[in-house]
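Same order as they appear, the protein sequences are chains A and B. Under our numbering, the first sequence has 162 at position 162, and the numbering climbs by one with no breaks. Offset between the second sequence (1-based) and our numbering: plus 330.
There may be inaccurate statements among the hints.
What the hints assert, rightly or not - Computed, partial: chain B to chain A, Cβ under 7 angstroms:
1. P337
2. L341
3. F342
4. F390
5. V437
6. I441
7. E447
8. N466
9. V589
Read the hints as simulated data drawn from the structure, not as lab findings. For glycine and all other residues, C-beta sits at the position ideal for the given N, C-alpha and C.
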Amino acid sequence: MLKRLRESKSFRGTLLASPAMLWMIILLIIPLVLILITSFGGRDPDGNVIYGFKLDNYIRLTGYTENCTGIGDYFGGLIEAIANPAAYEDIQVAATKCFDPLYLQILWRSILLAFETTLIVILLGYPLAYYIARSSARRRNTLLFLVLVPLWTNFVIRVYAWIIILRGQGVLNSVLVTLTSLLGLPFQPLDLYPSPGAVLVGMVYEFLPFMILPMYTTLEKIAPSMYEAAADLGARPFRTFLRVTLPLSMPGVVAGTILVFVPVMGTFVVSDILGGKNLVLVGNLIQRQFLDARDPAFGSAASIILMAMTLAVTVYYTRRFGFGEEIASA
Amino acid sequence: MSNRRSPLLRLFVLLVFGFMYIPIIVLIVFAFNSSRLNVMFEGVVNREPCGPFYWFCVLFGNKAALLAAGNTLKIALASTVVSTVIGTMAALALQRYRFRARAFSEVSLYIPIIIPEIVMGISILVLFTQIFRIVNSALALGPDQRLGLGLGTVILAHIAFSIPFVVLTVRARLHGFDASVEEAAMDLGANEWTTFRRVTLPLIMPGVLSGALLAFTLSLDDFIITFFTTGPGATTLPIYVYGLLRRIITPEVNALSTVWIAVVLTALLVSQRLRSQRA
Numbered sequence: 001m002l003k004r005l006r007e008s009k010s011f012r013g014t015l016l017a018s019p020a021m022l023w024m025i026i027l028l029i030i031p032l033v034l035i036l037i038t039s040f041g042g043r044d045p046d047g048n049v050i051y052g053f054k055l056d057n058y059i060r061l062t063g064y065t066e067n068c069t070g071i072g073d074y075f076g077g078l079i080e081a082i083a084n085p086a087a088y089e090d091i092q093v094a095a096t097k098c099f100d101p102l103y104l105q106i107l108w109r110s111i112l113l114a115f116e117t118t119l120i121v122i123l124l125g126y127p128l129a130y131y132i133a134r135s136s137a138r139r140r141n142t143l144l145f146l147v148l149v150p151l152w153t154n155f156v157i158r159v160y161a162w163i164i165i166l167r168g169q170g171v172l173n174s175v176l177v178t179l180t181s182l183l184g185l186p187f188q189p190l191d192l193y194p195s196p197g198a199v200l201v202g203m204v205y206e207f208l209p210f211m212i213l214p215m216y217t218t219l220e221k222i223a224p225s226m227y228e229a230a231a232d233l234g235a236r237p238f239r240t241f242l243r244v245t246l247p248l249s250m251p252g253v254v255a256g257t258i259l260v261f262v263p264v265m266g267t268f269v270v271s272d273i274l275g276g277k278n279l280v281l282v283g284n285l286i287q288r289q290f291l292d293a294r295d296p297a298f299g300s301a302a303s304i305i306l307m308a309m310t311l312a313v314t315v316y317y318t319r320r321f322g323f324g325e326e327i328a329s330a
Numbered sequence: 331m332s333n334r335r336s337p338l339l340r341l342f343v344l345l346v347f348g349f350m351y352i353p354i355i356v357l358i359v360f361a362f363n364s365s366r367l368n369v370m371f372e373g374v375v376n377r378e379p380c381g382p383f384y385w386f387c388v389l390f391g392n393k394a395a396l397l398a399a400g401n402t403l404k405i406a407l408a409s410t411v412v413s414t415v416i417g418t419m420a421a422l423a424l425q426r427y428r429f430r431a432r433a434f435s436e437v438s439l440y441i442p443i444i445i446p447e448i449v450m451g452i453s454i455l456v457l458f459t460q461i462f463r464i465v466n467s468a469l470a471l472g473p474d475q476r477l478g479l480g481l482g483t484v485i486l487a488h489i490a491f492s493i494p495f496v497v498l499t500v501r502a503r504l505h506g507f508d509a510s511v512e513e514a515a516m517d518l519g520a521n522e523w524t525t526f527r528r529v530t531l532p533l534i535m536p537g538v539l540s541g542a543l544l545a546f547t548l549s550l551d552d553f554i555i556t557f558f559t560t561g562p563g564a565t566t567l568p569i570y571v572y573g574l575l576r577r578i579i580t581p582e583v584n585a586l587s588t589v590w591i592a593v594v595l596t597a598l599l600v601s602q603r604l605r606s607q608r609a
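Please construct the entire structure, taking both the sequences and the accompanying hints into account.
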């Protein structure tokens, strides 16, 4: 009797969860398996996928070219590219017979941009989250509301605003022209759009709220008595921050980092709109393979690599610092 | 340690809020620009019809924009209803029952949150194109009967990425749930369905509503997944705006953005009002 009851309870759980599971299996897991399979395939001249088991697409991503005969020259080219300290936006390492740096540059540029964005967003967002968390309850609601409004304004519209601000005769240059002419200084309008810098600004702008909200959630949980205890024990504000506030708010920073890093790595919208044609990130590469270049197999391989990189970052951070409901709270 | 005592912190906070709001203010101001090119602000437009609101009137006479707005709403409503029901069921299952596929369910529900949207978008695109190719050739469908990407595929994809967020939100509410009220209802003779309808559901309703609200806004805001799963006749507002940005940008886009911001602001204010009334 008891056994039957338990069985029926388990059955009921399965039944309740099954629509969601079915959805996840059909529209998430099967598609992911499908692009994994596709990534080992190739394409015919019409752009149709030819299934097979070849590593060609992954090899192409490493920059190893078809007319290369030995692996030695490949590493020579690779080392030369790595040794070149040029900024990520314009590494101009020539392709050698054996090594074409194009795709590694795209990957490196995307990772670097994601790290820069995450770092800037933490630096801008942390003080704000701290300020909101330490405000009175009434004020706190108003300030949180102010953080939410830009977040709810559409993603594409938010990038568009930066075109108006940054372009040649845009708002920023107009303001600077007026200011410098008032001061009697010479001024040359800045060439800000399209540029890699504009992409960085756009990314920071898009993802700042995603960092503020989880950081706020953890900071708000720190009891005021913690600060008082630290002060009673003679800690000065800066020391209190380093030894009490920062460690206790780490889960929020980690959750925010994942919420920012993963989408920055994967988006193609900001770079497409603010970066111009020459700024290609992994997201743009994937998008072009599916829509313009018509090479879904190569695009799938790039997606698998992108997913592997973001998963590596996520797993590393969660293992190292651990986080739970902070992601959900955002 | 109080905020008030640190002018430096206050200045910094003010600057960051400035950074967050200046683009929005610029967007709105340029919706009233008299210059069609919209590069510089050349004074407030005053043209028939509608005077200063000229660009808004142009927008409301724009069939493509209205169609896109209609599609956006249809998609958001359909995906919200389905994902809220399915997600709430899954949240109840995960919070209350031990069943065999539980661990698998937990993991698969986290996947959409930690994989980049573009990967989800292109993988769903690959799935749909394969299914359509097989079905179309198997049934030998004619050119105008062929299955293809459209509103349906976008809705299916939106439901997929919304479910995990609904589950998370509802579970958070179920976490502090006192099961004794349900037992009391059963002791008083209510059957399980009545108990669910009259006791459980009203108690978890705030969680269900915020889950639905989240699903709705995620759907409204989505660009990337829609981009890969949409087809002819199923353009949404974000896709429409993106298309315009690659051509000439008139203040009409700003008018559209302003209307969007106004709608969002109203929705946020109403939901805040409701929340504070409940509390």
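Violations among the numbered hints:
Of the numbered hints, 1, 2, 4, 5, 8, 9 do not hold.
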